[in-house]
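Residue -18 is where the sequence shown starts when you use our numbering, and the numbers rise one by one after that.
Note that these hints are calculated values from the structure, not bench results. From the three backbone atoms N, C-alpha and C, an ideal C-beta is built for every residue, glycine too. You may find that some hints are simply not true.
Below, computed lysine to aspartate or glutamate pairings styled on EDC-like, alpha-carbon distance capped at 16 Å [said to hold, decoys possible]:
1. K23 to E11
2. K221 to E201
3. K148 to E130
4. K115 to E130
5. K101 to E36
Simulated DEER-style distance windows between Cβ atoms [as the list claims (entries may be wrong)]:
6. E213 to Q50: 17 to 23 Å
7. T146 to L55: 20 to 26 Å
8. T220 to G147: 38 to 44 Å
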Amino acid sequence: MNTLFVGQNIIRVEQTDSTNSHLTRLLENEKFPEGAMLITQKQVQGRGQRGATWESEPNQNLTLSILLQPTFLLPDEQFQLNKAISLGVMEMISNSLSFGEGWGEAKIKWPNDIYISNKKVAGILIENSVSGKKLQQSIIGIGINVNQEKFSAKLPNPTALKLVTGKEFDLGECLEQLCSCIESRYLQLRSPSSVLPIREEAKQTAIDSDYLKSLYRFSEWASYKFKGEIVEAKITGVTKLGKLVLETKKEKILECDFKEVEFCK
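Generate the whole structure from the sequences, applying the supplied hints.
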């Protein structure tokens, strides 16, 4: 593994309920270095956003959790970690698409799903622990559809790298690239030049601007369900606390929590 710490300590389990839950249980009795990873070939109760489940065919995809210790972030800065991790996962997927044309572009669907065109290829679930005035630790759950070709009919819009490209991927190589991309963005986040502007309310950091540029539907008019009503709006930004900012055609600004808004087709 060509990284400093992400993926240098790997715990492999053949099967588990949820990699996030499994790693959390291990941390109750053991200490692991930052960057430690738990990975499984078969996850039977994978968790996603809004209480959703994450479906993954055994031995075909990446299902894992990474331990990070972002103690340099204050509690109200934790969405910056979300941005950095989302960018890292998206960039790994973009690299996988870079050798061909016409396959679509990887984008981040707010807050942290990864889409290719209008289909979901990856999901991220970040669970943070706060101690006092700082983040103590974060468990980063990641699921990437790599070689899976068939999905349950109940899933609305899944895809996989193999379905997009027609190419079989080596999971070990995908894992190495993922660790490298995540570590690069995490180190960028950890640098003072990324943290200080947040606290000074100065200009956007590189991570801020890259996240916005990578957002699915950014600056595009589309339909959203906000507090039960359908609105035509465009994404104009994300607040410091991670709320999605929409501007309606009537020039009304909406700041949306995750549970308040849904993307319509």
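Do the hints match the structure? See the list:
no. : hint                     : verdict
1   : K23 to E11               : violated, 23 Å
2   : K221 to E201             : violated, 21 Å
3   : K148 to E130             : holds, 11 Å
4   : K115 to E130             : violated, 42 Å
5   : K101 to E36              : holds, 12 Å
6   : E213 to Q50: 17 to 23 Å  : violated, 42 Å
7   : T146 to L55: 20 to 26 Å  : violated, 41 Å
8   : T220 to G147: 38 to 44 Å : holds, 40 Å
In summary, the structure is inconsistent with hints 1, 2, 4, 6 and 7 from the numbered list given earlier, while agreeing with the others.
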